[in-house]
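S.K.: Next come the chains, spelled out residue by residue.
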Amino acid sequence: MPDYETLRLTWWLILGALLIGFAIMDGFDLGIGATFRFLGRTDEERRALLESIEPVWEGNQVWFILAGGAVFAAWPLLYAAAFSGLYLAMFVLLLALILRPVGFMFRNKIPDPRWRNAWDWALLIGGAVPALLFGVAFGNLFLGLPFHFDELQRPVYTGGFFGLLHPFALLAGVVSLSMLIMHGSVYAALKVGEPMSGRAAALGRVAALVYAICFIAAGIWVASALAGHQIVSQANVLGPSNPMTKHVAVNQGAWLGNYRTHGILWLAPAIALLAAGVTWGLLGARRPGVAFVSSCLTLAGTILTAGLALFPFLMPSSAQPDQGLTVWDASSSAPTLFLMLVIVAVFLPVVLAYTAWVFRVLRGRITLEEIRRHAGRY
Amino acid sequence: MIDLALVNVSRLQFALTALYHFLFVPLTLGLSMILVIMEAVYVMTGREIWKRMTRFWGLLFGINFAMGVATGITMEFQFGTNWAYYSHYVGDIFGAPLAIEGLMAFFLEATFVGLFFFGWERLSRVGHLAVTALVALGSSLSALWILIANAWMQHPVGAQFNPETMRMELLSFSQVLFNPVAQAKFVHTVAAGYVVGSVFVLAVSAWYLLRGRNVDIAKRSMAVAASFGLACALSVAVLGDESGYLASDNQKMKIAAIEAEWRTEEPPAGFTVFGFPDVQARTTHAELKVPWVLGLIATRSVDRPVLGILDLVARARVRIESGIEAHAALRSLRADPTDAAAQARFAAHRADLGYGLLLLRYVSDPTTATPAQIEEAAWSTVPDVPVLFWSFRVMVGLGLFFILLFATAFYLSARHRFEQNRWFLRMAFFSLPLPWIAAELGWIVAEYGRQPWSIDGLLPTFLGASVTAASNVWLSLTGFVIFYSALAVVDVYLLVRMIRGGPDGLGYWPPERAGVP
Numbered sequence: 000m001p002d003y004e005t006l007r008l009t010w011w012l013i014l015g016a017l018l019i020g021f022a023i024m025d026g027f028d029l030g031i032g033a034t035f036r037f038l039g040r041t042d043e044e045r046r047a048l049l050e051s052i053e054p055v056w057e058g059n060q061v062w063f064i065l066a067g068g069a070v071f072a073a074w075p076l077l078y079a080a081a082f083s084g085l086y087l088a089m090f091v092l093l094l095a096l097i098l099r100p101v102g103f104m105f106r107n108k109i110p111d112p113r114w115r116n117a118w119d120w121a122l123l124i125g126g127a128v129p130a131l132l133f134g135v136a137f138g139n140l141f142l143g144l145p146f147h148f149d150e151l152q153r154p155v156y157t158g159g160f161f162g163l164l165h166p167f168a169l170l171a172g173v174v175s176l177s178m179l180i181m182h183g184s185v186y187a188a189l190k191v192g193e194p195m196s197g198r199a200a201a202l203g204r205v206a207a208l209v210y211a212i213c214f215i216a217a218g219i220w221v222a223s224a225l226a227g228h229q230i231v232s233q234a235n236v237l238g239p240s241n242p243m244t245k246h247v248a249v250n251q252g253a254w255l256g257n258y259r260t261h262g263i264l265w266l267a268p269a270i271a272l273l274a275a276g277v278t279w280g281l282l283g284a285r286r287p288g289v290a291f292v293s294s295c296l297t298l299a300g301t302i303l304t305a306g307l308a309l310f311p312f313l314m315p316s317s318a319q320p321d322q323g324l325t326v327w328d329a330s331s332s333a334p335t336l337f338l339m340l341v342i343v344a345v346f347l348p349v350v351l352a353y354t355a356w357v358f359r360v361l362r363g364r365i366t367l368e369e370i371r372r373h374a375g376r377y
Numbered sequence: 000m001i002d003l004a005l006v007n008v009s010r011l012q013f014a015l016t017a018l019y020h021f022l023f024v025p026l027t028l029g030l031s032m033i034l035v036i037m038e039a040v041y042v043m044t045g046r047e048i049w050k051r052m053t054r055f056w057g058l059l060f061g062i063n064f065a066m067g068v069a070t071g072i073t074m075e076f077q078f079g080t081n082w083a084y085y086s087h088y089v090g091d092i093f094g095a096p097l098a099i100e101g102l103m104a105f106f107l108e109a110t111f112v113g114l115f116f117f118g119w120e121r122l123s124r125v126g127h128l129a130v131t132a133l134v135a136l137g138s139s140l141s142a143l144w145i146l147i148a149n150a151w152m153q154h155p156v157g158a159q160f161n162p163e164t165m166r167m168e169l170l171s172f173s174q175v176l177f178n179p180v181a182q183a184k185f186v187h188t189v190a191a192g193y194v195v196g197s198v199f200v201l202a203v204s205a206w207y208l209l210r211g212r213n214v215d216i217a218k219r220s221m222a223v224a225a226s227f228g229l230a231c232a233l234s235v236a237v238l239g240d241e242s243g244y245l246a247s248d249n250q251k252m253k254i255a256a257i258e259a260e261w262r263t264e265e266p267p268a269g270f271t272v273f274g275f276p277d278v279q280a281r282t283t284h285a286e287l288k289v290p291w292v293l294g295l296i297a298t299r300s301v302d303r304p305v306l307g308i309l310d311l312v313a314r315a316r317v318r319i320e321s322g323i324e325a326h327a328a329l330r331s332l333r334a335d336p337t338d339a340a341a342q343a344r345f346a347a348h349r350a351d352l353g354y355g356l357l358l359l360r361y362v363s364d365p366t367t368a369t370p371a372q373i374e375e376a377a378w379s380t381v382p383d384v385p386v387l388f389w390s391f392r393v394m395v396g397l398g399l400f401f402i403l404l405f406a407t408a409f410y411l412s413a414r415h416r417f418e419q420n421r422w423f424l425r426m427a428f429f430s431l432p433l434p435w436i437a438a439e440l441g442w443i444v445a446e447y448g449r450q451p452w453s454i455d456g457l458l459p460t461f462l463g464a465s466v467t468a469a470s471n472v473w474l475s476l477t478g479f480v481i482f483y484s485a486l487a488v489v490d491v492y493l494l495v496r497m498i499r500g501g502p503d504g505l506g507y508w509p510p511e512r513a514g515v516p
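Just so you know, the sequences run in chain order A and B.
Under numbering that gives the first Met the number 0, think of the first position of the first sequence as 0, with each following residue one higher.
Under numbering that gives the first Met the number 0, think of the first position of the second sequence as 0, with each following residue one higher.
Errors might be hidden in some of the hints.
Examples of chain A residues lying across from chain B (beta carbon under 7 Å, computed) [as the list claims (entries may be wrong)]:
#1 GLU57
#2 LEU76
#3 TYR78
#4 SER83
#5 LEU93
#6 LEU96
#7 PRO100
#8 GLN152
#9 PRO154
#10 THR157
#11 SER332
#12 PRO334
#13 PHE346
#14 VAL350
#15 ALA352
#16 VAL360
Keep in mind the hints are simulated off the structure, nothing from the lab.
Where is the CB? At the ideal position from N, CA and C, for every residue including glycine.
Kindly generate the complete structure, drawing on both the sequences and the hints.
M.R.: This is the structure we're talking about:
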């Protein structure tokens, strides 16, 4: 069995990989969910857009469920503190996510336009709200969340719901929303016929531009105005998971500490921005296939940028900075981390293999002619 | 220190959302398996009618599946949002089966369910059958991992408390995996799900036969439901999950409460068929007992006793006293982890720490607990006897009824006698809600019967709750009630509409395929 430090580091990488997997896979159907009412103007057009994601969104969403499960298994303290602290935000996210399975499954069952309109709005909320909230959550990690632990080591959260809507967090929300709309538009441009495809390409270009501007603005904000956290005591990378034993300093611009010590890390934001520019260009040239690859790079680069800035913090505390959760003091025990690592190493490739097969079976564009042939399959 | 109002509303929310989720889970389990059977017949015989059956029942499956997925996300979130201390305390063990469920089962089910609906024209017959089978396999595997997690709450094996991290940590995953309670639960719950699916198909088909519609499809569906349902109903009864009930003190308490057995009887104990449990007087009035049966079922022997509630409470009292020692030692260790005397004292009483925690409901320092409080805590280990007593009896009664129902359906189906026996068709139709009642009661027996524990003997439920404002939970609970009620109305409306439309009236698949007999 690898040592505890390696296991914890590996699990931080796995968490990152699962988040990137979630953004790439579920990201495009969230993005299409948020925009299909505008990309498609008639019911047939909207059905074509929905049919591009209906057969696959369900599996895509498991990336999110799995990321949640992985946090529970590998970072139980993070799971406990984050989910209970962000209680009402989680509730809103949950209601939005619940709208998706029923929305997709129920919409086409009845042709009445009022019925379809109602579910279209439900799907729009189910796509846009999570896409926005994921960014808001990441933004709040940079700000630190007001929590501490009591004598039983129960997480106690002292902030409210509206405290989460700090301007920086909202900016981060716009970053993730525009990023996923870009990603969804690229997929729609690739997967559905005209005229939706052309509209999607145009929207994707706007989204890429908004993303790039907001991403740069957020970066400047982090560098110049945000207080970052830094462990100043010896980090006990092999010690038991107890977040009460370290000392943390809070300083302006400290979130860039990792970038200052390891210049190579600047590659992550550089790739994110460059790839967004490439996506913008490729959508203009109507090459959505390659644009999908560059869009994926933007997602990965963005998530890595945030993760590398926060490392080793998972959830900094603004109330008691010393008790913020880090990779070293919020993990499961070494045997559990190792067990889960083996299971991920065995089963994730299997999942990737059959997911690839399903996408291959479903290959091809969904055109309006095809939609007119049937009343809906779901 | 413990906000009981918060704990109660959190419990109410968990119970309601879990019971609601569990309306859809068993039908998903059962229908997915029935779809595999129907489609396998189609692939083997090549007769189009079996494909139409698969597609029609698949449509109803899809509506139910969406509800199951939607309400399932709530369950995963809720451990963190409402039971944060629970998540921290046992996440090292409990998180693993949940994550494995996502990776191994839910991924499989969710990835292939789309192809079930969209793959009819893109896959070969065998290929599509394989997809359907993988969906069914995924849902049953999902039940397996969830029940391994749940069984660990009922009978926590392979783990130990670590004072350095203040939580339970994994010692042996194979013990968690091969927990005897998990095996009993898996077989019982999955077979019960198959019964729900079978009664659903049976009842809806009976409705078509009563109206003389879709007769060919309805008769064949009934034959499938009758034979599959009969086999499963027998399994549920024979492999009831009471075999796991002797694994620990609290499981024994559960069976004593189910039986309202206040005093330990001479083995083999009799089974109380009927009676009125009286919690105040600690006795059961108007008991009607069948000798020997309980002892045989519960211990699989004639000489081992089934302990009564009074004896189990006396045991709990001893363990609470030991738990006070464990808790005090833990406090010393928190102050000074190197204190050798405290380490030894903790090691000696570690197993009873959870019993010491029961006192935190009455005092913030268990060493100051009065004998009356210890007595109260010991009696708090007894679950709600009348509720368990009646829930169990109604569940078992329904289980026996299903065997009869399927056996009759099987006989009539084999003899092609449905038309002459309209009374049976009516009975089958009106049986529709019964398996859900049985399934929900089974949940109540298992989970309400686990009280006062979240994790049997380790963590009292009241301690597991998140520290949050009760108003937050009231808000979310109100939201759930409104939102879930609206979804229930839409779900039932759609199902009824699809069933009324029927395979003949839907026009749902491409027209060139619609009119095939």
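S.K.: Could you run down the list of hints and mark each one as holding or not?
M.R.: Here is what the structure says about each hint:
no.	hint	in the structure
1	GLU57	holds, 4 Å
2	LEU76	holds, 6 Å
3	TYR78	holds, 5 Å
4	SER83	holds, 4 Å
5	LEU93	holds, 5 Å
6	LEU96	holds, 5 Å
7	PRO100	holds, 4 Å
8	GLN152	holds, 5 Å
9	PRO154	holds, 5 Å
10	THR157	violated, 10 Å
11	SER332	holds, 4 Å
12	PRO334	holds, 5 Å
13	PHE346	holds, 5 Å
14	VAL350	holds, 5 Å
15	ALA352	violated, 11 Å
16	VAL360	holds, 5 Å
In summary, the numbered hints that this structure violates are 10 and 15.
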